[in-house]
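Please take these sequences and the hints and turn them into a complete structure.
For reference, the chains in residue letters:
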Amino acid sequence: MVMEYIPGIPLLRPKVDLDNEGFWNGVKEHKLVFQKCKDCGLLVHRPRPMCPRCLSTEKEWAPSEGVGEVYAKVNFVYAKAAYPGIKVPYAVVVVQMVEGVRIVSNMYDVKPDDIYIGMPVEVVFDDIADDLTLPKFKKRLV
Amino acid sequence: MRSIAKKSAIVGMGVSDFSKDSGRTELRMTCDCIKAALDEVGLVPPDIDGIVKHADDGTDEHAITSAMGMGNLTYFGECRWDGSACGMVQRAAIGVATGMANYVVVYRAENGASGSRMGTSSRNMAQLATGDLLQWTYHAPFGLTSEAGRVAMTVRRYMHGHGVDSDLFGWVTTVCREHGARNPNGLLYERPATMEEYLQSKVLVDPIRVLDCYQAADSCVAMIVTTAEKAERLKQQPAYILGGVQTILAETEEKNGFYGPEVGGLPEIGRMGERLFAMAGVGPKDISVAQLDDSYAPLVPMQLEELGFCGRGKGASFCEGGDRIRVGGELPLNTSGGSLGEGFIYGMNHVAEAVRQIRGTSTAQVKDAKLALVATGAGGPASGLILGGSR
Numbered sequence: 001m002v003m004e005y006i007p008g009i010p011l012l013r014p015k016v017d018l019d020n021e022g023f024w025n026g027v028k029e030h031k032l033v034f035q036k037c038k039d040c041g042l043l044v045h046r047p048r049p050m051c052p053r054c055l056s057t058e059k060e061w062a063p064s065e066g067v068g069e070v071y072a073k074v075n076f077v078y079a080k081a082a083y084p085g086i087k088v089p090y091a092v093v094v095v096q097m098v099e100g101v102r103i104v105s106n107m108y109d110v111k112p113d114d115i116y117i118g119m120p121v122e123v124v125f126d127d128i129a130d131d132l133t134l135p136k137f138k139k140r141l142v
Numbered sequence: 001m002r003s004i005a006k007k008s009a010i011v012g013m014g015v016s017d018f019s020k021d022s023g024r025t026e027l028r029m030t031c032d033c034i035k036a037a038l039d040e041v042g043l044v045p046p047d048i049d050g051i052v053k054h055a056d057d058g059t060d061e062h063a064i065t066s067a068m069g070m071g072n073l074t075y076f077g078e079c080r081w082d083g084s085a086c087g088m089v090q091r092a093a094i095g096v097a098t099g100m101a102n103y104v105v106v107y108r109a110e111n112g113a114s115g116s117r118m119g120t121s122s123r124n125m126a127q128l129a130t131g132d133l134l135q136w137t138y139h140a141p142f143g144l145t146s147e148a149g150r151v152a153m154t155v156r157r158y159m160h161g162h163g164v165d166s167d168l169f170g171w172v173t174t175v176c177r178e179h180g181a182r183n184p185n186g187l188l189y190e191r192p193a194t195m196e197e198y199l200q201s202k203v204l205v206d207p208i209r210v211l212d213c214y215q216a217a218d219s220c221v222a223m224i225v226t227t228a229e230k231a232e233r234l235k236q237q238p239a240y241i242l243g244g245v246q247t248i249l250a251e252t253e254e255k256n257g258f259y260g261p262e263v264g265g266l267p268e269i270g271r272m273g274e275r276l277f278a279m280a281g282v283g284p285k286d287i288s289v290a291q292l293d294d295s296y297a298p299l300v301p302m303q304l305e306e307l308g309f310c311g312r313g314k315g316a317s318f319c320e321g322g323d324r325i326r327v328g329g330e331l332p333l334n335t336s337g338g339s340l341g342e343g344f345i346y347g348m349n350h351v352a353e354a355v356r357q358i359r360g361t362s363t364a365q366v367k368d369a370k371l372a373l374v375a376t377g378a379g380g381p382a383s384g385l386i387l388g389g390s391r
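Chains as they are written, first to last, in this note's numbering: chain D, 1 to 142; chain S, 1 to 391.
Calculated from the structure, these hints are not laboratory results. Don't take every hint at face value.
[Stated by the list, open to error] What the simulated footprint calls covered on chain D by chain S, stretch by stretch (three residues with Cβ under 8 angstroms from a Cβ of chain S suffice, anywhere in the stretch; the number is not a length):
no., region
1, 33-42
2, 67-77
3, 89-96
4, 102-111
We put the CB at the ideal spot given by N, CA and C, even for glycine.
Here it is as structure tokens:
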């Protein structure tokens with residue numbers, strides 16, 4: 001694991017609510033799911049109360065293939081401009097999933113300097129605490 | 001759509017100095033600046049019947065009314081988000097143009113250097129991540145916490161999309177510092193920065209360097225907006241509001257742009273610009289001077305593209321060498337120094353400088369400045385103004 005969480009500093013946790021619990025419950029079970037409209041089929045991320053295209057509130061949590069590529073990245077190299085609970089340097093990426101949605105995440109097994117835009121990736125699940133799992137990505141061999 | 005164009009003007013203005021320690025409360029700075037604005041045009045507190053404030057501002061309308069004996073307030077409300085400076089002026093303009101108010105105060109005050117800033121401690125961040133802003137839920141757990149980091153993501157994608165070298169962003173900083181060095185009221189008076197200093201400044205969040213970032217300051221800006229007719233009877237040269245626009249798009253977040261059709265542009269600024277030029281009935285070539293959001297230097301070339309001052313991917317080369325964007329160039333930018341060279345007060349100093357350019361009183365005055373454009377909120381909820389010396 002590339003990211004090192006510093007003990008004693010609170011982990012940043014998602015705010016789980018009735019609109020997005022399907023996503024976070026999936027992550028807890030090591031499944032990556034995205035909100036899909038049952039009426040028009042539109043897939044979106046982040047979760048929201050209704051489909052932004054047809055305004056239907058009938059939604060399901062569609063399993064993702066879990067693969068995509070790095071779309072953008074930043075390296076946090078200076079502690080004062082980073083979250084104090086994570087040891088610098090660390091990278092944050094935006095991943096473009098094959099389904100078309102984008103998700104903010106971290107690389108699990110790649111050093112910040114080795115990440116590049118276009119890098120093929122696949123999802124992994126990082127249990128960073130007993131009660132907190134995050135969807136992260138590792139380099140996919142193609 | 002009925003337009004508010006040309007129906008109102010910024011008439012009075014009070015700007016504090018920019019310092020690392022104001023030695024005053026935010027409320028005191030606000031009252032001092034409002035007093036200066038009133039004095040400048042010959043108004044008294046009971047004339048003021050409207051206040052537009054920023055939701056994050058630590059001062060309250062009623063604290064101001066009681067401090068200054070303003071007993072006639074009938075029009076008040078808040079704007080939110082960092083890019084609201086122009087939007088607040090627009091709200092004031094709507095108030096006077098529709099007859100809901102006569103004289104509206106717009107202000108922003110912050111002890112941004114000496115006071116505590118939101119989001120700097122881990123406790124604050126943990127609270128934010130689990131509470132205030134829903135957008136944090138999908139970003140903060142991954143360590144994407146600082147604003148510089150969120151901006152860096154968009155900038156990285158912009159560089160990738162257009163093959164832009166990040167060294168070129170240094171021209172924005174050097175020109176803003178050059179203008180700021182001429183401004184005795186600014187934080188960096190007589191302190192220009194060289195390209196060498198820029199290139200040697202520490203990388204904070206790659207590709208953002210220290211000298212790409214705004215200068216935190218203690219400061220306040222207050223201004224008074226009234227109708228065009230009333231403005232003509234007051235002491236100062238009015239800065240007529242020819243256009244005022246706010247913009248949020250479907251996937252807009254605060255200084256985040258990861259989910260729209262294309263990451264790496266500033267679509268809110270683009271949309272805002274189209275509507276702003278249409279409202280004012282002018283185009284990019286008509287603008288004499290622009291005050292753009294320079295909270296982070298790379299956002300400036302991106303705004304130049306979005307606003308149509310140059311082609312896609314050409315913003316950084318437009319700034320190269322600095323000649324086009326310094327006073328005397330084809331589009332002088334941020335002539336008070338802006339957030340990089342004067343100090344950070346959420347773009348309110350950019351509005352104030354646009355007023356000075358129209359009045360002809362800037363310390364880096366553009367000859368015959370007829371139209372001044374202001375853009376705030378690059379990378380998030382955006383707003384913009386076009387001010388002019390005549391209607």
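Checklist entry - Hint numbers the structure violates, sorted upward? => result Violated hint (a single one): 1; every other hint is consistent with the structure.
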